[in-house]
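J.: Per this note's numbering: the sequence shown = residues 9 to 204.
For the record, the hints were derived by calculation from the structure and aren't laboratory data. Any given hint could be a false lead.
Stated by the list, open to error - EDC-like, lysine to aspartate or glutamate: derived pairs with alpha carbons at most 16 angstroms apart: (1) LYS70 x GLU107; (2) LYS103 x GLU66; (3) LYS103 x GLU74.
Stated by the list, open to error - Derived DEER-like restraints, expressed as beta-carbon distance ranges: (4) ASP134 x ALA182: 37 to 47 angstroms; (5) GLU113 x LYS154: 15 to 25 angstroms; (6) ARG171 x GLU110: 24 to 34 angstroms; (7) THR51 x LYS154: 10 to 20 angstroms; (8) THR51 x ASP162: 32 to 42 angstroms; (9) ASP194 x PHE139: 18 to 28 angstroms; (10) THR51 x GLU166: 21 to 31 angstroms; (11) GLU107 x MET83: 19 to 29 angstroms; (12) HIS111 x ASP54: 28 to 38 angstroms.
Values in this document were obtained by computation on a predicted structure and should not be read as measured data. Every residue, glycine too, gets a C-beta built ideally from N, C-alpha and C.
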Amino acid sequence: MTALQVFRDLFATEVVRPGEEISIGSVTLMFTDLRDSTLMYRTIGDASAFGRVREHFEILEKFIAEEGGGIVKTMGDAVMATFRHPIHALKAVWKAQTEIAEHGEPMLWLKVGLHKGPCIVVNLNDRLDYFGSTVNITARLPNFSKGGELIFSDTFYEDPEVRDFIAQNIPPSAMSRITGDLKGFDEPFTMWKLRV
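Please model the complete structure; the sequences and the hints are all you need to start from.
T.: Take a look at the structure:
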């Protein structure tokens with residue numbers, strides 16, 4: 009329920025009692041970031057750059073809500089969103105990246121991380137927020153993207169609807185398996201890179 013944007017909008021002031029937490033068995037998380045946004049601010053100026061960032065937020069918000077997800081928070085030009093099912097996160101970001109690429113100059117490229125797993129929901133700064141290893145992993149995945157690429161975990165890719173969508177819409181040459189070190193984790197992390 010906390011993944012739905014409509015829930016987050018209707019009950020924005022309703023929070024978990026201080027000191028309490030809710031364990032979520034499995035949630036799909038998305039973290040996005042913009043490639044070279046600092047350079048964009050320096051190149052075209054603060055007002056113009058923020059206009060492009062705001063457009064990208066509006067596009068993401070539209071497709072996240074359309075796919076039944078909810079924006080948890082924004083951090084600078086980054087977005088954290090949650091979904092009940094991996095396929096909805098994949099479809100939302102697929103549509104958003106396509107529309108963002110078609111709007112305005114300079115071209116904006118999303119760096120995206122997608123993962124699913126257990127976490128907890130807590131009250132922080134008068135709103136619901138998510139914490140745990142699943143959140144930490146997802147937040148680090150966009151660091152492996154050069155922009156216009158989705159980085160997702162094996163756990164995310166194992167979802168049958170995700171596999172079907174990829175098989176039907178994406179050429180095999182657009183996907184590769186990569187391994188990298190995630191800050192705070194001892195073992196190398198194997199993930200998938202998908203060029204949009």
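J.: Could you run down the list of hints and mark each one as holding or not?
T.: The hints, checked one at a time:
1. LYS70 x GLU107: holds, 11 angstroms
2. LYS103 x GLU66: holds, 13 angstroms
3. LYS103 x GLU74: holds, 10 angstroms
4. ASP134 x ALA182: 37 to 47 angstroms: holds, 41 angstroms
5. GLU113 x LYS154: 15 to 25 angstroms: holds, 20 angstroms
6. ARG171 x GLU110: 24 to 34 angstroms: 27 angstroms Cβ-Cβ, so the 24 to 34 angstroms window holds.
7. THR51 x LYS154: 10 to 20 angstroms: holds, 18 angstroms
8. THR51 x ASP162: 32 to 42 angstroms: For ASP162 against THR51, whose Cβ atoms are near 38 angstroms apart, the range 32 to 42 angstroms holds.
9. ASP194 x PHE139: 18 to 28 angstroms: With Cβ atoms ~20 angstroms apart, the hint holds.
10. THR51 x GLU166: 21 to 31 angstroms: violated, 41 angstroms
11. GLU107 x MET83: 19 to 29 angstroms: holds, 22 angstroms
12. HIS111 x ASP54: 28 to 38 angstroms: violated, 19 angstroms
In the structure shown, a violation is registered for the earlier hints numbered 10, 12, in ascending order.
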